[in-house]
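*Asks:* One-letter residues, chain by chain:
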Amino acid sequence: MNPIRDAWQSVFRRDPLSTDKGKSELVFLNVWLHIHPAKVKKENLKVKHTFYLGFITFFLFIILVTTGVALMFYYRPHPPQAYQDMKDLQFVVYLGNFLRNMHRWSAHGMVICVFLHMCRVFYTGSYKRPRQFNWVIGVVLFLLTLGLSFTGYLLPWDQLAFWAITVGTNIGSYAPLVGGRIRELLLGGHTVGEAALLRFYVLHVAVLPSVVTLLTMVHFWRVRKDGGLSRPVWKLKEEKPAQLVTIGAPEPVAVLAAGPASKDKTYGLMEVVTGKPIFETVSMEEEEDTIFSYPYAFFREGIALLVTVASVMAVSIFFKAPLEELANPAKTPNPAKAPWYFLGLQELVSHSALLGGVVVPGLIVLVLLAIPYIDPNPSRRPADRKWAIRAFTLFVVVNIILIVIGTMFRGPGWALVPPWVHIAGGE
Amino acid sequence: MERRLPQFFFALSLIVLALMLGAVWQAASPAWKTYQQEFHRLEAAGEPNAAAKSDVLNADLVIKQDLLPGLQRVDRCTTCHLGAEDPTMKNAPQPFTYHANLGPHVPAKFGCTVCHGGQGLATDKQNAHGMVPFWQEPLLAKDYIRASCGRCHKEGEVPDVPELTEGRRLFETQGCRGCHKLNGVGGTIGPDLTEEGAIRRFPEWLEKHFLDPNTVSRNSPMPNFHFTKAQARALTFYMLSLTSEQMGSYYSSVRLIPSAGYGRQLFVEKNCIACHSIGGVGAKGGPDLLGLTKQHSSGWLDEQLVNPQTVYPGSIMPAYDLDTNSRKAILIFMASATAEDAQAILSQRAKALTPRDAAIEAGKQSFARFGCVGCHGLELQGGVPNPNSQGGEVPSLLHASDDYTEEEVIKIIQNGKVPPVENARGPAAPLYMPSWKSVLTDEDIHRIADYLWSLQKKKESW
Amino acid sequence: MKRRSIVSWGSAGLVALCSGISVSLAAVLRFLTPSVFYEPPQDFKIGNPADFSFGPPTFLADQKIFVFRDREKGFAVANAVCTHLGCTVGYFQSDEQFHCPCHGSVFSADGKVQHGPAPRPLEWFEVTVARDGQLRVDKDHIVPASYRLMV
Numbered sequence: 001m002n003p004i005r006d007a008w009q010s011v012f013r014r015d016p017l018s019t020d021k022g023k024s025e026l027v028f029l030n031v032w033l034h035i036h037p038a039k040v041k042k043e044n045l046k047v048k049h050t051f052y053l054g055f056i057t058f059f060l061f062i063i064l065v066t067t068g069v070a071l072m073f074y075y076r077p078h079p080p081q082a083y084q085d086m087k088d089l090q091f092v093v094y095l096g097n098f099l100r101n102m103h104r105w106s107a108h109g110m111v112i113c114v115f116l117h118m119c120r121v122f123y124t125g126s127y128k129r130p131r132q133f134n135w136v137i138g139v140v141l142f143l144l145t146l147g148l149s150f151t152g153y154l155l156p157w158d159q160l161a162f163w164a165i166t167v168g169t170n171i172g173s174y175a176p177l178v179g180g181r182i183r184e185l186l187l188g189g190h191t192v193g194e195a196a197l198l199r200f201y202v203l204h205v206a207v208l209p210s211v212v213t214l215l216t217m218v219h220f221w222r223v224r225k226d227g228g229l230s231r232p233v234w235k236l237k238e239e240k241p242a243q244l245v246t247i248g249a250p251e252p253v254a255v256l257a258a259g260p261a262s263k264d265k266t267y268g269l270m271e272v273v274t275g276k277p278i279f280e281t282v283s284m285e286e287e288e289d290t291i292f293s294y295p296y297a298f299f300r301e302g303i304a305l306l307v308t309v310a311s312v313m314a315v316s317i318f319f320k321a322p323l324e325e326l327a328n329p330a331k332t333p334n335p336a337k338a339p340w341y342f343l344g345l346q347e348l349v350s351h352s353a354l355l356g357g358v359v360v361p362g363l364i365v366l367v368l369l370a371i372p373y374i375d376p377n378p379s380r381r382p383a384d385r386k387w388a389i390r391a392f393t394l395f396v397v398v399n400i401i402l403i404v405i406g407t408m409f410r411g412p413g414w415a416l417v418p419p420w421v422h423i424a425g426g427e
Numbered sequence: 001m002e003r004r005l006p007q008f009f010f011a012l013s014l015i016v017l018a019l020m021l022g023a024v025w026q027a028a029s030p031a032w033k034t035y036q037q038e039f040h041r042l043e044a045a046g047e048p049n050a051a052a053k054s055d056v057l058n059a060d061l062v063i064k065q066d067l068l069p070g071l072q073r074v075d076r077c078t079t080c081h082l083g084a085e086d087p088t089m090k091n092a093p094q095p096f097t098y099h100a101n102l103g104p105h106v107p108a109k110f111g112c113t114v115c116h117g118g119q120g121l122a123t124d125k126q127n128a129h130g131m132v133p134f135w136q137e138p139l140l141a142k143d144y145i146r147a148s149c150g151r152c153h154k155e156g157e158v159p160d161v162p163e164l165t166e167g168r169r170l171f172e173t174q175g176c177r178g179c180h181k182l183n184g185v186g187g188t189i190g191p192d193l194t195e196e197g198a199i200r201r202f203p204e205w206l207e208k209h210f211l212d213p214n215t216v217s218r219n220s221p222m223p224n225f226h227f228t229k230a231q232a233r234a235l236t237f238y239m240l241s242l243t244s245e246q247m248g249s250y251y252s253s254v255r256l257i258p259s260a261g262y263g264r265q266l267f268v269e270k271n272c273i274a275c276h277s278i279g280g281v282g283a284k285g286g287p288d289l290l291g292l293t294k295q296h297s298s299g300w301l302d303e304q305l306v307n308p309q310t311v312y313p314g315s316i317m318p319a320y321d322l323d324t325n326s327r328k329a330i331l332i333f334m335a336s337a338t339a340e341d342a343q344a345i346l347s348q349r350a351k352a353l354t355p356r357d358a359a360i361e362a363g364k365q366s367f368a369r370f371g372c373v374g375c376h377g378l379e380l381q382g383g384v385p386n387p388n389s390q391g392g393e394v395p396s397l398l399h400a401s402d403d404y405t406e407e408e409v410i411k412i413i414q415n416g417k418v419p420p421v422e423n424a425r426g427p428a429a430p431l432y433m434p435s436w437k438s439v440l441t442d443e444d445i446h447r448i449a450d451y452l453w454s455l456q457k458k459k460e461s462w
Numbered sequence: 001m002k003r004r005s006i007v008s009w010g011s012a013g014l015v016a017l018c019s020g021i022s023v024s025l026a027a028v029l030r031f032l033t034p035s036v037f038y039e040p041p042q043d044f045k046i047g048n049p050a051d052f053s054f055g056p057p058t059f060l061a062d063q064k065i066f067v068f069r070d071r072e073k074g075f076a077v078a079n080a081v082c083t084h085l086g087c088t089v090g091y092f093q094s095d096e097q098f099h100c101p102c103h104g105s106v107f108s109a110d111g112k113v114q115h116g117p118a119p120r121p122l123e124w125f126e127v128t129v130a131r132d133g134q135l136r137v138d139k140d141h142i143v144p145a146s147y148r149l150m151v
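Residue numbers (the working numbering), protein chains in the order written: chain A, 1 to 427; chain B, 1 to 462; chain C, 1 to 151.
Some clues are possibly wrong.
To be verified - Simulated crosslink set (SDA-like; lysine to any residue; CA at most 25 angstroms straight-line):
(1) Lys33/B to Arg148/C
(2) Lys53/B to Leu29/C
(3) Lys90/B to Thr128/C
(4) Lys64/B to Ala130/C
(5) Lys128/A to Leu363/A
Derived by calculation from the structure, the hints in this document are not laboratory data.
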């Protein structure tokens, strides 16, 4: 009895990774990794199908939480100390500038990636039955991401922050009946001031991240329960009627499964490798198509993580996050612009406050949420979904155009100016 | 128990619900709401018609707050003291009584606690009046409220508050600085008094302390100065006014209330009588000033004081660097100045002193200003108790020349001196001569020595 | 346990649960609504009526209001905050209109939108005479554009 070996094994309890059992146990005996299946299909890992956008968004969130907590050690959510602390982070805190840049660029990256992820899920038809509600959760996560970005935008307390939030909360107040009340609750007052900064800070570091974390857990759980990561099923060869086998029974018995063998994997095959007898009904072909998550899936995930981290670090080293002069309620910059992801909205609002600020965005959100339920087409094949794809593409393109107009073509007084004329603001 | 678990669970849930409702009810019915409702009833009684009455009776019940960033305070007193600015509430009972004679000191600009004391952040009576532990600024008794005038009006006279001026004068002449620091200057034997008016606003304690320090501060090395009740009161007023509160520029701009007395002082300081006359008495270099304030607007006169060239290009009157209050004070003085005043000013011109006399006079001023009189006495007689020092008391300086040369005394003033102890095993004597070389210049010290030598009693000849 | 008694306990429990949830929700909303504001007050005095001139309105920068005084009709107080996105409008005597610098909204002298993206006219605030004779403005009470205070 070697006490050191015993102690070690009381911590790390799985078999060595050289064995199949060990590879499986790495997944299902580990609290951090057991959301993964022990084995995946090769198609689950296709980069050109998902571009790993979901992973990238999640990794960006991890980066944001980590850098965010680090920044919290040096930031006080009270004007005007907040601005002073931003300067301290830039000039005196060790790695302060780098961490702040990481946080800001990851935030923009996360908004972009969560949007691209939503597009990808739409284009691959992955929201269809049985994954409808997971799409809804995803849309909510998208809105929460915008909320996190918006609440964080105010925290530097510079002119950019102050006026972007003034414009943003004013747009929000256009909602009928509740608009004024929501604005008052958000701001803790009538104007953007110290109460607003404190509330935005609490929302940004505590409330919204907690809700995002909880919903992300549900989102991942559902992905697993609904059959794992998206695969381009329309590209796979037509499957023969499943040759059903009952594994582990001492002699051939009647099929015990409640329904037909599913095309997607719904649970791991740890039962196979432990050698314990269970009664499962799976297709034999499926068995042969799968590969262990360790190392194949994890290696790719790791690459996605490294690419994300490397990109954010590179951008953070070469590009400085903006910090304008101290917020001055008496001096409105001309033009005063909302954060870039709301500039499309602001462009609409400049034409009509009610339509552009309430009706159109409200409709967009409602339609987005309802997509899985109003889409009657069960096929995921792109050739079968031409109009759905065209409609969504139109939506994406219009959004981008509106944002581009708002960012690059609007100058003082919100007049149209060509982008090569220097325009202040926008980011 | 097992059989009745659902009922038990239900009962517990009802208890939790009841507690929740209790907490909500407690939060929803604070005392200030009752006061506001009562005030609305008073107001409604004074309204002429039914519509106005019902408007008042149904008005919202809200916490009223005066946000005072310039004073770094937040006062919520007007939540209950709703009649403070309402003249129709002259005879209303407290807390609704009208506050007469506010002048410029309206709650929206000044709050209430900066004069009255109390805890402005609170919203119930006992806490708001500050009669609670851990709050150092309780409501000041009516008798002492005017001491707070000195918190902003730190220089010159305050009308109707002679105690402040007297207190300041006593502080400077009785040698308090010898043991107490004030605004960075003074000794370290006693506590620093710079914030006395902010950290310990208890007038009864302060007065007792001045009448006899040992009654409130056991074994205090502070001697009994045998102040009269009036002097103790004046010093208490002065103590209550001592704060170094960082105040916005609006508040610190009236450190000195413009008055005719101050105006006269400036008139003398700037030597206006050298060019001007009043009612014919004075010089002929500039116009006579009698009745000028009636002929010209205050704005025109103010401009004249700021820059005479803009009013009269080519004028030989210099542009004095006077702030707004000083200019106001001069104009107030000019409004009532007569030929008699000019005569008095002319005759009060200081007689020239010999250099030696001037040095002794300067030394005397320093001796009082830096607190030497506190230990050594106004007449250099000493006598302040100093337990366990040889002789048991601070020595008289009138015979210093018997034991020391002037040079040696200068060295003692520069470097300080710890008195030899009577009993080596007893505690050190509490009073000692501090070192002054980092506070006083060499010239100052020489002049003090000259002053001391001018008062030396000649050794009695046998 | 008899089934019948469970059913009656159950519905009573449901009622208690619902009331608990609604009370909690209401309490949370009340908690998030601020009781005091760390801002300049909504209800304030602006001085004596005699201090205000006739003709073009007096602009009070700290409180962001315009004070109009008409010989026949009396006092009116307008909000200087543009209803579009919150910038401060300026009054121009040349055309007797309010112009907003941010997105070009223009309001006539009675606050109505003439031009630009502003969705609503400028608000008019209630102005009354306080007990000590000074003019008192209450930004929490909006009045119609025709409101005047005769002193």
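*Asks:* Next, verify each hint and record whether it holds.
*Replies:* Here is how each hint holds up against the structure:
1. Restraint check for Lys33/B and Arg148/C: not satisfied, since their Cα atoms lie roughly 32 angstroms apart, outside the 25 angstroms limit.
2. A C-alpha spacing of about 32 angstroms is found between Lys53/B and Leu29/C, which places the hinted pair above 25 angstroms, so the restraint is violated.
3. This hinted pair checks out: Lys90/B and Thr128/C have alpha carbons roughly 21 angstroms apart, not beyond 25 angstroms.
4. The hinted pair formed by Lys64/B and Ala130/C meets the criterion: a straight-line CA distance of about 16 angstroms does not exceed 25 angstroms.
5. Of the pairs offered as hints, the one joining Lys128/A and Leu363/A holds, with about 21 angstroms between alpha carbons and a cut-off of 25 angstroms not exceeded.
Checked against the numbered hints listed earlier, the structure breaks hints 1 and 2; every other hint is satisfied.
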